[in-house]
Amino acid sequence: MTFSEKQTMGFQAEVKQLLQLMIHSLYSNKEIFLREMISNASDAADRLRYEALDQPEIYENDPDLKIIISYDKDKRTITISDNGIGMTKEEAIAHLGTIAKSGTKEFITRLTGDEQKDAALIGQFGVGFYSGFIVADKITVETRKAGTPATEAVRWESTGEGDFSVETIEKTRRGTDITLHLREGEDELLTNWRLKGIIRKYSDHIPIPIQMEQDIWDDETKSMKPGTELATVNQASALWSRSKSDVTDEQYKEFYKHVSHDFNDPLTWTHNRVEGRTEYTQLLYIPKHAPFDLWDRNKRGGIKLYVKRVFIMDDAEQLMPVYLRFVKGVIDSNDLPLNVSREILQESRDVKMIREGSTRRVLSMLEELANADEQEKKDQYAEFWDQFGQVLKEGIGEDAANKDRIAKLMRFSSTHNDTDIQNVSFDDYISRMKEGQDKIYYVTAENYAAAKNSPHLEIFRKKGVEVLLMTDRVDEWMLSFLDKFEDRELVSVAKGGLDLGTLEDEEEKKHFEETQTDYKDVVGKMKKVLENEAKDVRVTHRLTDSPSCLVVDEQDLSNNLQRMLKAAGQGAPDTKPILEINPDHPLVQSLKKEEARFDDWAHILFDQAMLAEGGIPADPAAYVKRINDLLLSK
1 MTFSEKQTMG
11 FQAEVKQLLQ
21 LMIHSLYSNK
31 EIFLREMISN
41 ASDAADRLRY
51 EALDQPEIYE
61 NDPDLKIIIS
71 YDKDKRTITI
81 SDNGIGMTKE
91 EAIAHLGTIA
101 KSGTKEFITR
111 LTGDEQKDAA
121 LIGQFGVGFY
131 SGFIVADKIT
141 VETRKAGTPA
151 TEAVRWESTG
161 EGDFSVETIE
171 KTRRGTDITL
181 HLREGEDELL
191 TNWRLKGIIR
201 KYSDHIPIPI
211 QMEQDIWDDE
221 TKSMKPGTEL
231 ATVNQASALW
241 SRSKSDVTDE
251 QYKEFYKHVS
261 HDFNDPLTWT
271 HNRVEGRTEY
281 TQLLYIPKHA
291 PFDLWDRNKR
301 GGIKLYVKRV
311 FIMDDAEQLM
321 PVYLRFVKGV
331 IDSNDLPLNV
341 SREILQESRD
351 VKMIREGSTR
361 RVLSMLEELA
371 NADEQEKKDQ
381 YAEFWDQFGQ
391 VLKEGIGEDA
401 ANKDRIAKLM
411 RFSSTHNDTD
421 IQNVSFDDYI
431 SRMKEGQDKI
441 YYVTAENYAA
451 AKNSPHLEIF
461 RKKGVEVLLM
471 TDRVDEWMLS
481 FLDKFEDREL
491 VSVAKGGLDL
501 GTLEDEEEKK
511 HFEETQTDYK
521 DVVGKMKKVL
531 ENEAKDVRVT
541 HRLTDSPSCL
551 VVDEQDLSNN
561 LQRMLKAAGQ
571 GAPDTKPILE
581 INPDHPLVQS
591 LKKEEARFDD
601 WAHILFDQAM
611 LAEGGIPADP
621 AAYVKRINDL
631 LLSK
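Per the UniProt record's numbering: the sequence shown = residues 1 to 634.
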C-alpha cells in the first residue's frame, strides 16, 4: 500500500491575517472554539444525510450520525470526531487552507483591531474552524470522504503560523477527527465537567447526539479519568421541533449562532408551526448587524431547508425574497418530498405558500418592533433600520403583495428634525401635514447635507411644510414603484412645476403672475444663451434665498439619478434640466440692466444651481474663469 508523501503548503494570505486577528480578538471568549467545531461537525452530518437520499450506500453500515468529544490529559489534546460527510484531500486543502469566498479582501480591510467589532465580523464571515487556534498551538485533522476507500483519507496539520501539511493516510471510519493540541495554560479544559458545561451552554440544540466518555475513578492516580462508555450530553432533538414553552431564550440565541455563524445575539426571532393546506415549522431570526456582504444580491445561505427534520439545503433562496436576504433560520416542511430539487422548489405550490407565509411572518416581526409602545422595542427597530433599511426598501419594487406593509415600515430623515437619523415614517409625516396639504413632499440627494441644504426646500421652509430627505442610493429606484402612500401622492420638490395648491394664498399667486410677465424678456434671452445646457428657463416661486435652481420634467430622471447612473458607468437618457430663477433675488434683478456680461451671468446662475444640488458644471474651468473675471471687474 502506498501513500503520497507529506506536502507542505502555505496558507492563503488572508488566512494568515485572520489567524492572528482571531486569536487576539476572541481570546476573551475562547470557549466558543468548541461551539464552532461542533457546529461544523453537525453541518457535516446534515450534508451526509442529504447526499444519502440518493446514495444510501455512503452510510457504510454506520447510519447513526453522532459527534464524539474526547480528551487526553497526558497528551493535552481535545478531539472532536464526527461520522459525517468528510473531505477529500482537495477539499481539505480548499476548505482549511483558503477562504474561498467573494469579498475576502473587503472583509479583511474592515478588521480594525477593536476586539468586540472584529469578533462580530469574524463570526459573520463563517470561519469557525480557525477558532481552534485560540486554544491550540497545533491542529491535526484526519478525514475521509463518505463513499471513498479507507486508503484515500487525508491528514491535515498546522501550527497556525504560516503553512500546513497534507498527506494521504488510512482511516477506516468515515468523517472527520479534529485534534487540538492545547497551548500552555489551557489545561483547565481537560476535564469532563468543563467540556460538558460548554456543550450544554452552546450546543444543546444540535439535533444529533453529542457524546462523551463517562468519567470513572482511577485508584492509582486518585482522580477521575475518561472511561469507555459513551453518554449523550445534549438533548439531541431539533430545537425548532420542540414546543416554544420548552425552549429558553438562551437556547434560541445559541441556535441562532449555530445557523448564522454570528457571534452576536439576534435582534429578534419568531418560532411558529403553521398548519393547514401546507404544514411547516419556521424559526426565523433577524440579526443585529448587517454582514459585510449584505449588498451581494446573489448571496444565499440565510435559510436552511429541512423536510421532516432531514436537512435538504442551506441556500434555499426560493423560501425568502431577495429583499429579506438578511433573515436567518430554519424552515422544516412536512409536505415536500425528501428528494426535493431546486427545480421542484421553483415550481412547487407548497414552496410558494411557505415563502409567502414566511415573508408575512418576518414583516409581522418588524411591525411588532416598529409599532411598539415600549422604548426598548422602538430602539430595536431603529437599530434594525440603520442596518437593513436600505435592503428592505428593495421590497417596494419586488413584492407588490406586501408593498403597503413595507411602505409603512420605511423611515426617512426630514426637515422636521435637524438630524440625519432616519426616524420619520409616512404616518409621522401625515400626522404633521398642514391644513389643506394633500401631498407628501420629498427631495432626493447624494447625501444628507446636500438634501438638507437643497434650494428646492426654501419655499417649504418658509411655509413650515415638512419635506422628506431621501439620500439612500436605493431611494431613486424605490420611488419609481411608489407614487402614492395610501391616498396621498408623493411629489418631488425638484420635479415639474411647483403646485402648492391651497398652501399658496391669492396674493402670492398674483405676485407670481406679475413677475412672469415682468421677466419675460430676461427669460427669453437666457433661453437663447443656455440653449445647449437647459431645456427651458422660467421664473419660479419655490426659491426664497437662492438665485436659481435646476428641476426636471415630471417624467424625466432626476438630476441625482442621472449622476448616479453616470458614476456607475451606465447609460442615462440625454436630457437637459430646466433652470428656474428667483425674481426676488438681487442677482436676478440685476439681469434686467445687464448688457455686456449678460451671457456670463446666465452661465454662472446655471452652474451655481448645478453645484447647489451636488452636481459639477460641464466646464468647471470656464465657470471659474467667469467668476474671476466678474470679481475683477468690480
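A portion of the hints provided could be inaccurate.
For lysine-lysine, the following DSSO-like pairs were computed, each having C-alpha atoms within a straight-line distance of at most 27 Å [as the list claims (entries may be wrong)]:
id, residue 1, residue 2
1, K138, K30
2, K408, K520
3, K439, K463
4, K484, K528
5, K525, K463
6, K89, K244
7, K377, K253
8, K75, K201
9, K510, K527
10, K463, K528
11, K30, K244
12, K434, K352
13, K244, K75
14, K377, K439
15, K527, K509
16, K484, K408
17, K527, K434
18, K434, K462
19, K352, K403
20, K463, K509
21, K510, K484
22, K138, K75
23, K201, K66
24, K408, K378
25, K30, K201
26, K89, K138
27, K75, K196
28, K352, K378
29, K520, K434
30, K593, K527
31, K525, K452
32, K196, K66
33, K378, K484
34, K452, K462
35, K520, K452
36, K525, K535
37, K484, K525
38, K308, K253
I should point out that these hints are in silico values taken from the structure, not numbers from a laboratory. Remember, predicted model here, so these are calculated numbers, not experimental data.
These are the hints, each one checked on the structure:
{"no.": "1", "hint": "K138 x K30", "verdict": "holds, 16 Å"}
{"no.": "2", "hint": "K408 x K520", "verdict": "violated, 45 Å"}
{"no.": "3", "hint": "K439 x K463", "verdict": "holds, 14 Å"}
{"no.": "4", "hint": "K484 x K528", "verdict": "violated, 38 Å"}
{"no.": "5", "hint": "K525 x K463", "verdict": "violated, 32 Å"}
{"no.": "6", "hint": "K89 x K244", "verdict": "violated, 42 Å"}
{"no.": "7", "hint": "K377 x K253", "verdict": "holds, 17 Å"}
{"no.": "8", "hint": "K75 x K201", "verdict": "holds, 26 Å"}
{"no.": "9", "hint": "K510 x K527", "verdict": "holds, 24 Å"}
{"no.": "10", "hint": "K463 x K528", "verdict": "violated, 34 Å"}
{"no.": "11", "hint": "K30 x K244", "verdict": "violated, 30 Å"}
{"no.": "12", "hint": "K434 x K352", "verdict": "violated, 44 Å"}
{"no.": "13", "hint": "K244 x K75", "verdict": "violated, 43 Å"}
{"no.": "14", "hint": "K377 x K439", "verdict": "violated, 30 Å"}
{"no.": "15", "hint": "K527 x K509", "verdict": "holds, 24 Å"}
{"no.": "16", "hint": "K484 x K408", "verdict": "holds, 12 Å"}
{"no.": "17", "hint": "K527 x K434", "verdict": "violated, 36 Å"}
{"no.": "18", "hint": "K434 x K462", "verdict": "holds, 13 Å"}
{"no.": "19", "hint": "K352 x K403", "verdict": "holds, 18 Å"}
{"no.": "20", "hint": "K463 x K509", "verdict": "holds, 14 Å"}
{"no.": "21", "hint": "K510 x K484", "verdict": "violated, 31 Å"}
{"no.": "22", "hint": "K138 x K75", "verdict": "holds, 12 Å"}
{"no.": "23", "hint": "K201 x K66", "verdict": "holds, 18 Å"}
{"no.": "24", "hint": "K408 x K378", "verdict": "holds, 15 Å"}
{"no.": "25", "hint": "K30 x K201", "verdict": "holds, 14 Å"}
{"no.": "26", "hint": "K89 x K138", "verdict": "holds, 19 Å"}
{"no.": "27", "hint": "K75 x K196", "verdict": "holds, 20 Å"}
{"no.": "28", "hint": "K352 x K378", "verdict": "violated, 32 Å"}
{"no.": "29", "hint": "K520 x K434", "verdict": "violated, 33 Å"}
{"no.": "30", "hint": "K593 x K527", "verdict": "holds, 17 Å"}
{"no.": "31", "hint": "K525 x K452", "verdict": "violated, 32 Å"}
{"no.": "32", "hint": "K196 x K66", "verdict": "holds, 16 Å"}
{"no.": "33", "hint": "K378 x K484", "verdict": "holds, 26 Å"}
{"no.": "34", "hint": "K452 x K462", "verdict": "holds, 14 Å"}
{"no.": "35", "hint": "K520 x K452", "verdict": "violated, 31 Å"}
{"no.": "36", "hint": "K525 x K535", "verdict": "holds, 14 Å"}
{"no.": "37", "hint": "K484 x K525", "verdict": "violated, 39 Å"}
{"no.": "38", "hint": "K308 x K253", "verdict": "holds, 23 Å"}
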